[in-house]
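Engineer: Work out the full structure, taking the sequences as your base and the hints as a guide.
2 protein chains.
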Amino acid sequence: MELWFTEKHTDNVNFSIKVDRQVYSGQSEFQRIDIFDSLEFGRFLTLDGYMMLTEKDEFIYHEMIVHVPMNVLPHVKKVLVIGGGDGGAVRELVRYPEIERIDLVEIDEQVVEVCKKYLPQTAGKLDDPRVSVHYADGLKFVRSRKEEYDLIIVDSTDPFGPGEGLFTREFYGNCFKALTETGAMVNQHESPFYPVDAVAMQRAHKRIIDSFPISRVYQAHIPTYPSGHWLFGFASKKYHPVEDYHAAGWSARGFRTKYYNDKIHVGAFALPNYVKELLEEME
Amino acid sequence: MELWFTEKHTDNVNFSIKVDRQVYSGQSEFQRIDIFDSLEFGRFLTLDGYMMLTEKDEFIYHEMIVHVPMNVLPHVKKVLVIGGGDGGAVRELVRYPEIERIDLVEIDEQVVEVCKKYLPQTAGKLDDPRVSVHYADGLKFVRSRKEEYDLIIVDSTDPFGPGEGLFTREFYGNCFKALTETGAMVNQHESPFYPVDAVAMQRAHKRIIDSFPISRVYQAHIPTYPSGHWLFGFASKKYHPVEDYHAAGWSARGFRTKYYNDKIHVGAFALPNYVKELLEEME
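Chain order of the listed sequences is G and C.
Residue numbers for the first sequence follow the numbering used here, beginning at 1 and rising by one.
Residue numbers for the second sequence follow the numbering used here, beginning at 1001 and rising by one.
These are calculated hints, taken from the structure and not from any lab test.
Virtual Cβ for every residue (Gly too), placed ideally from N, Cα, C.
Any given hint might turn out to be false.
Here are some, though not all, of the chain G residues that point toward chain C, as calculated from beta-carbon distances under 8 Å [said to hold, decoys possible]:
hint, residue
1, T10
2, N14
3, F193
4, P223
5, H229
Cross-link-like lysine to any residue pairs, in silico, SDA-like; alpha carbons within 20 Å at most [said to hold, decoys possible]:
hint, chain 1, residue 1, chain 2, residue 2
6, G, K238, G, E277
7, G, K237, G, E277
8, C, K1116, C, D1037
9, C, K1056, G, E277
10, G, K238, G, P213
11, G, K8, C, N1014
12, C, K1018, G, S16
13, G, K116, G, K237
14, G, K263, C, D1262
15, G, K18, C, E1007
Structural biologist: Listed below in structure tokens is the structure:
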């Protein structure tokens, strides 16, 4: 027998992974949660049938969403992660000894439980003593916060379903308010390649530039996401992600990473012309 | 009805494109040639069932294989393109007025004829008066050439089937010999992500560094190639692709491009750690 997981990247493009076996399937209050084992990508997690992470390439997404802001902002003590119930962003954050507290706000407790059980490589640091997990709607959670966080990481699902509120103008405005005066927000920013994703990417960008004085987009090669060309947004009150980047600081840490490095930090902000044009249409 | 083209990216990963209709299918002396129309990617060409180019994203590959070397090497008058029967590399080359002659060596005449007929966006400049098309084996063609070309572009298929010889030590050594003393060779270098491709990439890299004093690898986001993370090799006798890059020269030209730009030139050489490690294993 052959078992294949297929994700529609668009109505006209399918990406299919040969599955060894399904190890978990459940329906939470918010979404369907599935875990599969595969030869090519190891274990992988899908939510409502959309690929969230694979053991083989999740390091790319999580390194890029954490190490880029952490090597721009000078004094990060308190971090808010919205979404990210798989624990991958937290795993990279807890490597920084100067971080004193991480609030993880995940709407779906079942995602956290499933990831802790089935994806320990990714979720294994959620029990770090500096981490507090809040099962709440990120949109509501940030409303009441004021100048509290040095960094907010929006590690959301796509801009439909449970993650939809995390792409709204109200949410970005509340994140701005919840940040300290030198703070920044990083978010997963969809892909520029397929028009169906690019429209969401453009809309998010428009809303972020309306809320933050500094806003730049950076990219990574993530083979299991649609088109493999994935974007992140860096929205900041004071620091510029390239001009204020401290290469020496990163080198001095001696962290071992599999994707992120000194040159990648700068190179990731070098966007192709067609992507720049999509963003500039919104500016 | 639904018609789908599926390419196996590995034995365990399929990439499928919904096809509107097949517009050409033929068997040449060397390979099977197919052309399809699709909603998502426009028209696309496959050889022996492997994706060669789509109208939607071929600009990425062709801009990156041409403009990177053309903005490093100072006096390019004579260029050899090996493979590249679709004409995409030639289209980008003929934009440079200082190029006096382009020899295109394509083993399969039928590829050129089919591309001229069905893919005019890509093949439309093959009739430029500076272009000479030779229907020959690239491996044999370069054997007899000595210090003749300022730039060699190896726009090959994958390292099996008709393209296999273009990944051999003998071929790279003959390219070195065929280049002028300041010349460079650029080649499509496969992908680092899937082990089956990465092994071919590593083997090619080993052979190139054994033949050229300067050898660097750069990358682009090409969504229709396996993993979307595609590499190119820059192998050079004298000039370094980043240190000797002339940003001012590129800006002065005023060329309109959809992917390549000043920052991309440098950023493309910023490789992820895992790719650097695969390459360093060979060095």
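Engineer: Going back to the hint list, which numbers does this structure go against?
Structural biologist: The structure breaks hints 6, 7 and 13; every other hint is satisfied.
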